[in-house]
Amino acid sequence: MRNVLPILTIVLAILAIWYASAIALNAPWAYDKAKRANIELSATDLVRDTWSQKKPKLPVPHQVASEIWDTTGAMVLSGRGFSKRSLIYHSWVTFSATILGFALGTVLGTLLAVGIVYNRTMDLSVMPWVITSQTVPIIAIAPMIIVVLNAVGISGLLPKAMISMYLSFFPVVVGMVKGLRSPDAMQLDQMRTWNASAAQTFWRLRLPSSMPYLFASLKVGIAASLVGAIVGELPTGAVAGLGARLLAGSYYGQTVQIWSALLTAAALAALMVGVIGLIQRVTLKRMGMA
Amino acid sequence: MGWLLGAVAAWLIGWQINSRLARRPLSRATAFAGPVIFGLTVILIWECLVRGLDISPVLLPPPSQIIQTFGASLPLLWRDFVQTVVKGALTGYVLGCSAAVLLAVAIDRFPFLKRGLLPVGSFMAALPIIGLAPILVMWFGFDWQSKAAVVVVMVFFPMLVNTVEGLSDTGAMQRDLMRTYAAGYWKTLFKLRLPAAMPFIFNGLKIATTLALIGAIVAEFFGSPTKGMGFRISISVGQLAMDLVWAEIVVAAIAGSAFYGAIALLEKTLTFWHPSQRGRM
Chain A
1 MRNVLPILTI VLAILAIWYA SAIALNAPWA YDKAKRANIE LSATDLVRDT
51 WSQKKPKLPV PHQVASEIWD TTGAMVLSGR GFSKRSLIYH SWVTFSATIL
101 GFALGTVLGT LLAVGIVYNR TMDLSVMPWV ITSQTVPIIA IAPMIIVVLN
151 AVGISGLLPK AMISMYLSFF PVVVGMVKGL RSPDAMQLDQ MRTWNASAAQ
201 TFWRLRLPSS MPYLFASLKV GIAASLVGAI VGELPTGAVA GLGARLLAGS
251 YYGQTVQIWS ALLTAAALAA LMVGVIGLIQ RVTLKRMGMA
Chain B
1 MGWLLGAVAA WLIGWQINSR LARRPLSRAT AFAGPVIFGL TVILIWECLV
51 RGLDISPVLL PPPSQIIQTF GASLPLLWRD FVQTVVKGAL TGYVLGCSAA
101 VLLAVAIDRF PFLKRGLLPV GSFMAALPII GLAPILVMWF GFDWQSKAAV
151 VVVMVFFPML VNTVEGLSDT GAMQRDLMRT YAAGYWKTLF KLRLPAAMPF
201 IFNGLKIATT LALIGAIVAE FFGSPTKGMG FRISISVGQL AMDLVWAEIV
251 VAAIAGSAFY GAIALLEKTL TFWHPSQRGR M
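From first to last, the protein sequence lines stand for chains A and B.
Under this note's numbering, the first sequence has 268 at position 268, and the numbering climbs by one with no breaks.
Under this note's numbering, the second sequence has 176 at position 176, and the numbering climbs by one with no breaks.
No wet-lab data here; the hints were simulated from the structure.
Only true hints are included.
Below, a sample of chain B positions facing chain A; criterion: calculated Cβ distance under 8 Å: (1) 21; (2) 115; (3) 248.
Just the calculated beta-carbon pair ranges, DEER-fashion: (4) 235(B) x 152(A): 19 to 25 Å; (5) 82(B) x 118(A): 43 to 49 Å; (6) 181(B) x 270(A): 41 to 47 Å; (7) 11(A) x 185(B): 25 to 31 Å.
Backbone N, C-alpha and C fix where the C-beta goes; we use that ideal spot for every residue, glycine too.
Kindly generate the complete structure, drawing on both the sequences and the hints.
The following block contains the structure:
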């Protein structure tokens, strides 16, 4: 709680810089307009104009906020909450691809980690490639995955989810390998003195002690998953989803729309990481680990 | 049918060799050979499956064809590499990382700011920053400057958080010792705290290498001059020239691994004293 004041200060500073930069960046266009209309701009006029342009170089926070409200809350009130113009619809499209990819990535990552921990051959041959795969900017493949899967008749949610899966499985593998190996020799010996089978050792010792590692990786994984879903929406040509809103906004120079999609994506990321944090706290508490 | 049998045979042989290797005590040679054999096996299986199942090269070209295209279009690939990696990613990487380190050192003097900036910075590092790409392309134009700008923003926050954390990684005992030596703020910074922060800084630098390449490539999807890896990938996908796409991916893979490897090597030479580096081959 003692961090609230410093955080507020930083956030206020960011907002102040944002408003000031908006004046600086949008001023040329404001002067341009004034010159053509043959009027002299006073300082207050200038500020008012730069903070309310239709296609500003940098929209100010309240413009973005009102755009977000117009495309979410206001549309819900008028009963069109799920229409194609509403950000709720686009967020839902991105969110479902993110969650599907995240779930697939978590399952795949956990299975791979179990294989790596229990099989020396896999540890030797697969683990280095898992690590190398992340130094490769794999997002470059995204357009190709979309097009190829489209060509074999798979379209819609799954191709995007595949990209999310690829981005989110890595943190899970690395975290789970570490977690499944975290019980020390003493604990493993204890299991052996109880004559525990391999399966029992896994379910009662290794898996429970890997939970803190799992949740730490899940938080990284879901953020990466969202990035994957957004990038996956770019090559399909701006149909639906937050990535499509970004692309459409950049085609037509709708900066306010880009920023509102961006902030919505940020809120979505924060929300998902927050939910995982909550599940983590509850689970670890019930397991007696926190 | 022959090709399919070949795929199965390649899998069996590769797996056999590796399980033999795994049973031996771990040495430098086995740690190197294992992954290499695994990689070769995968490539062989890929080649055999594509030929055996008659998969159209539009969907998945065989590795042999990718290598051919790679060799045939070297000048093109080189031009794209210079545009995206050298001009876009590297410029942004250097600017972003140095800005983050400088800001971290500046903030470090004010505990109040540090307490506020650390949570905000970690929050920003988790956001889909890549979404800023269309905005920055609008501001800085289509050429590499906008790509460098995207990279700067992407690497900035992970780097900042890591450096701030690293700078506070000195014990009270160590700082007291510096005080008994009558070392001032700057002396303590350069002789104790920056060296102690090195492992954290390198952790940030390593994360940032991948982010830099991703940022530079994805930013090109939002508009670029007629060269660059991201541009070539999105254009070739549209023309269904998948072999060229794969060739670009090979370039991206080599560039990414080399970039990461170079930073890791630098880390090893600069932080040889750190426990995590000691005793490693």
